[in-house]
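Chemist: One letter stands for each residue in the lines below.
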Amino acid sequence: MSRHLTYAQAILEATDLCLGADPNVYLMGLGVPDPKGIFGTTLGLREKYGARVLDMPTSENGMTGVALGSAVVGMRPILTHQRVDFALLSMEQLANEAAKWHYMFGGIMKAPMVVRSIIGRGWGNGPQHSQSLQAWFAHVPGLKVVMPATPHDAKGLLIASVEDDNPVIFLEHRWLHYISGPVPEGRYTEPLGVARVLREGRDVTIAALSYMSLEAHKAARMLAERDIDAEIVDVRSLRPFDAGAVARSVEKTGRLIVADTGWEFGGFSAEIVAQMAERCFGKLKAPPRRVALPDCPTPTSAALSKHYYPRAIHVARAAAEMLGRQDADSLFAEETGAPLDVPDKSFTGPF
Amino acid sequence: MSRHLTYAQAILEATDLCLGADPNVYLMGLGVPDPKGIFGTTLGLREKYGARVLDMPTSENGMTGVALGSAVVGMRPILTHQRVDFALLSMEQLANEAAKWHYMFGGIMKAPMVVRSIIGRGWGNGPQHSQSLQAWFAHVPGLKVVMPATPHDAKGLLIASVEDDNPVIFLEHRWLHYISGPVPEGRYTEPLGVARVLREGRDVTIAALSYMSLEAHKAARMLAERDIDAEIVDVRSLRPFDAGAVARSVEKTGRLIVADTGWEFGGFSAEIVAQMAERCFGKLKAPPRRVALPDCPTPTSAALSKHYYPRAIHVARAAAEMLGRQDADSLFAEETGAPLDVPDKSFTGPF
Amino acid sequence: MDSRLRRQLFHDTLRIRLIEEEIAARYGEQEMRTPVHLSIGQEACAVGACAALRTSDYAFGSHRSHGHYLAKGGDLTAMLAELYGRATGCCRGKGGSMHLVDLKVGFLGATSIVASTIPIAAGSAFASKLRGEDRVTAVFLGEAATEEGVFHEAANFATLHKLPLVFFCENNLYSVYSGLEVRQPAHRPTWASAKGHGLRVLYGDGNDLEEAYELSLKSVDAARAGEGPVFLELATYRWREHCGHNYDNHIGYRTEAEYQAWRARCPIERAQQRLIADGLLGAAEVDEMRARIDAEVKAAFEAARNAPWPEPEEMATQVYAEGANAT
Amino acid sequence: MDSRLRRQLFHDTLRIRLIEEEIAARYGEQEMRTPVHLSIGQEACAVGACAALRTSDYAFGSHRSHGHYLAKGGDLTAMLAELYGRATGCCRGKGGSMHLVDLKVGFLGATSIVASTIPIAAGSAFASKLRGEDRVTAVFLGEAATEEGVFHEAANFATLHKLPLVFFCENNLYSVYSGLEVRQPAHRPTWASAKGHGLRVLYGDGNDLEEAYELSLKSVDAARAGEGPVFLELATYRWREHCGHNYDNHIGYRTEAEYQAWRARCPIERAQQRLIADGLLGAAEVDEMRARIDAEVKAAFEAARNAPWPEPEEMATQVYAEGANAT
Ligand SMILES: Cc1ncc(C[n+]2csc(CCOP(=O)(O)OP(=O)(O)O)c2C)c(N)n1
Ligand SMILES: Cc1ncc(C[n+]2csc(CCOP(=O)(O)OP(=O)(O)O)c2C)c(N)n1
Ligand SMILES: [Mg+2]
Ligand SMILES: [Mg+2]
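Residue numbers (this note's numbering), protein chains in the order written: chain A, 77 to 427; chain B, 77 to 427; chain C, 89 to 415; chain D, 89 to 415.
Looking at chain A on its own, in the form it has when it is part of the complex (with noise of 0.2 angstroms):
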């Protein structure tokens, strides 16, 4: 029998791993030493390896420059975010340095760093403490841009991003933390740039990212009722883009919807769709729909934020629609009852 871990501990783990298997690796972030841990996704590590993790002034555009100019010399450091907001204070040097280190200067250096960032969602984060970014990462050329929605693949594709040459924006829905599933033992990669097949099905693709591959599960279960088949393809990798397996997903079933955890507009599934359109032309049997979030700021009162993330209803009911169900909308009825803005009923605030 496999060996369940939740996401944070795969998290851990993978960083254990790499800080144990090469001495370049380090670790450095806000309250990264401290005795929460990143929500227990580096608990002990300090202990263990000393000076090589570290906690840091308030000062994230300085250091990302900090990270990138110690890669730039043969270190491999793992900068974390507690929320990718914040992160925006540094986008001068993830975009216009890291990403570009190794191509501006011919070839000639890299820049091997991963920038951990947590995405979020409920309690109240509000408008400034919960949005998903990928989309701005994934336009930079030069970076790389991943999204676990699995422990197993947190801990694989952690490890892979810290063993790779280039910059690789690592980012963890926050309720992803604490989900559990099998993790192997030891050291073993997933490999950046490959999309994967959750579950096969025949009617419809849904390409999902991060949290959302969750929600497309739950939306699956929910169509397998109502005799539609299917196929959920969770990207996990933005950038590179594995664009010929959606498309492959797509040419089979001849039906696409994308499920993004951040804002549809401008956002990673208008790629998705576009590329779709492009290569999968004559294979679409109707309009490619996304399921993403609303045009606004996030709301912080419950009260609205229940109505500003879809949900798993939201993806069954587009591809009832896009099967043609007539009454797609009554199909799946409301849930009621447990609030929306937290993951389940053990978490209660406040972050």
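Bear in mind the hints are in silico, worked out from the structure with no lab data behind them.
None of the values given here were measured: they were computed from a predicted structure.
Treat the hints loosely; a few may be bogus.
As the list claims (entries may be wrong) - Listing some non-contacts, in silico: residues in chain B with all C-beta distances to chain A over 10 angstroms:
1. G96
2. G116
3. G120
4. E123
5. K124
6. P267
7. G269
8. K294
9. G400
10. R401
Unchecked claim - Where chain D lies over chain A, by a calculated footprint (3+ residues, C-beta under 8 angstroms):
11. 140-147
12. 168-174
Glycine included, C-beta positions come from ideal geometry on N, C-alpha and C.
Chain A is fixed; fit chains B, C and D with the ligands onto it per the hints.
Modeler: Chains B, C and D with the ligands alone, transformed into the frame defined by chain A:
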């Protein structure tokens, strides 16, 4: 006969009118009052308006906050960046603060400010001085984003931007500053959020952004010689995006090419293609195509950058291919002679 | 110092304490679904600062700004309704605990990104300067905010233009669970990095209400007189956890002894003892004050909790301002 | 000071001058299609700094770094080929004038965004510290770079960790056409904002070659000895336009008189006069030096201009590193 101004003069005139009309308007940016006056767009204004026209420290993030704070208490700042690449330092203030200020305080405050940023190309500006990052801004609800292509629109859209009660990102392509065109005297505005059909045609829609509208025009002339009748929609405003105008054209022509100054991957061209794939699904006769930047940073050497930037010929070829012309490649011979890293012969660098 | 003022300052400090204690008491009910950063232990800084400001002066806050908002005169019920996510909240439920605003008293906003309001406050001070208004802008920050580059950019600009701006820096030794020693050089006080920009610098005991007030007054007066921006650093201490309502001395980032030492320097107890010693306050009067505040707080909580939720449509409204000037 | 060293410093400074004069002479041909920022007038700062550094020490530059690159020992032909956009350029034509690199001599890169290499240099110094290497990192910056927040973030971090880092700040009074008076507070020297962070600060005359060297040596030695980072500010002046090869005193942002006053303090003429006065150099020897440098420069230009262009395919290569470690 109508009066002609350059794009740079049109911006200067619009700014002058805004400063003259409203004592709350002020203009600030590196080099604004210097002898070059931001490529001529701010010349003479310091002398005319004194303290409301000012230089600033090299502190892009802080000064964006200053602009915002002054806007919150009723000023209407215009902030300039000589390259949009420098604005990356200010993404926190722009995307977290300015974009959300109205929303996150429940609509009781507003942030009327204009951020002019120059995007560019040519003369070895290279990886960090020639990016075209409209996709980032367009992704953020709360911002407005415009990219005028003509002197007429530069003036009308700048006045509208200054008078708008929201943060507006105003992107000027460096090569447009030289272009002349008819510009009415006095105050007039062009509405934010409305595209403009620059040329009517039956066979293919070219939705173009900023400077690419000019290249699209050249392409349309080349195509006309080969009996292909292109319609050009100058998108002008990315946020709000006038999807209706593009869709009306695509429904007529059945074919879509998007010509963008930015990277293709994850770019605004993807949003246009995605929306048209969703809205005009049954009307599209061929897979949509994008003519935009390849997936790499800007190389500096003219020997490389001449292959980097798409031009009229690439738009024309894409259209001919889309219309099934067998020999699209040879239909449009490569232009020869003139260097491709300057807008015209009068340009002698170094900026 | 005027004895009526001394009593007023004491009252205002006590009031903030009691309000935040009530938030703490109720936070476990999970009805305020927004991350709260309580200022319990630090209230004297807010009260001293705001007593030195006029209502017409502007103020900007940070993630930990209940106290600043209240001290500036912000509406209590509107704040609590905001914490409860209601339509009557000061941000109509869109902002939450870290986004407080009350235009009537010049509290122009708090935000949740460390240091982000600092340049914004410099912008409002710059507007006042351009307009020739007799108005000071105050910005509240924690000591960690001085580690952000944008603080320095704002400090340089404010000094350059001699802006009427006061930086009220509450140094509570911690940023979340991180002590100063991992963030700022040893033996270099936080204020020194402000002084480097040519700012006028003052510092003192933020747990001494009257000292906090006197230093604040000096700072605000200097800024108002056109002498340029002032950086006032006040030493203080947060009693409860960084975010949330619990005590957390047991988790290991600070010692119980350190907490107890600061606890013994409670700004409210110290002020009360002094007022009593000076014969300006009696125990019965304090009880009466407390009772009046308790009643106000109870009523405000009641009103906030009974207020209506925002309508679902409101989620997508107010993304853009659509005023006379909107296009 | 050792007389061989004094002659060497003079030679190196003269060499940079002659190289940049030749760039200026040829820039109008429009074959170097990349914005150039000449350091003519400021060369002594670069030479003084790099003479104090070892080849194994690291250095990072800015937009104006021809001189820094050359002083650190960077390959001349590779730099010129880069300006000409050739495949043999130090960045294979991808970078241009503002992106110089020569790993063999520890010049790890210059970039075109003001202040951006400062935290990167702090990162390389941090790596040296983590690894226990005996290595100093130098970063070259203009005075305007201290207005960027990231300079302060790096300064704080470097002081906190006592990094072996030297900030070489060339204060040439201008940022493009903007004088100091619109960017930094009057009566507050640029170095003061560094001192605020607890950095050790030194300053002096950047047009005095020997002084520049002595101060650089003091700075580098202190950083190497583990005393922490040092900020060295050198007063100097750019002779030609900010970007490009022309003189531009007539356009109005500075006076001809100011220029002439600085011109009279030419670092090369001053050094030469002193060496001659001290009997360490003769006029004939200077001529000989010039002739040798001229020949070298001519040959390097020849080689650069005859070098092949990069192949079109190279546009899209090297976006990602594909080494042993690449996925
Ligand atoms: C730019 C940014 N980085 C990190 C955070 C996470 N964060 C929230 S509050 C806080 C502590 C700030 O400490 P300080 O400024 O001293 O204020 P205090 O909480 O002590 O009142 C941090 C790091 C943030 N909100 N914004
Ligand atoms: C972040 C950023 N803002 C603005 C610019 C435009 N710019 C290029 S060089 C320069 C002047 C910088 O002045 P200083 O640092 O004093 O160096 P100097 O040119 O005087 O050597 C400026 C503002 C830039 N490259 N990067
Ligand atoms: Mg603190
Ligand atoms: Mg300078």
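Chemist: Now look at each hint and say whether the structure bears it out.
Modeler: Quick rundown of the hints versus the structure:
1. G96: Holds, since 35 angstroms exceeds 10 angstroms.
2. G116: holds, 26 angstroms
3. G120: holds, 32 angstroms
4. E123: holds, 33 angstroms
5. K124: Per Cβ check, K124 (chain B) is outside 10 angstroms of chain A; nearest 34 angstroms; holds.
6. P267: P267 (chain B) is indeed farther than 10 angstroms from all Cβ atoms of chain A, at 19 angstroms.
7. G269: holds, 13 angstroms
8. K294: holds, 24 angstroms
9. G400: holds, 14 angstroms
10. R401: holds, 18 angstroms
11. 140-147: holds (count 8)
12. 168-174: holds (count 4)
No hint from the list above goes unmet by this structure.
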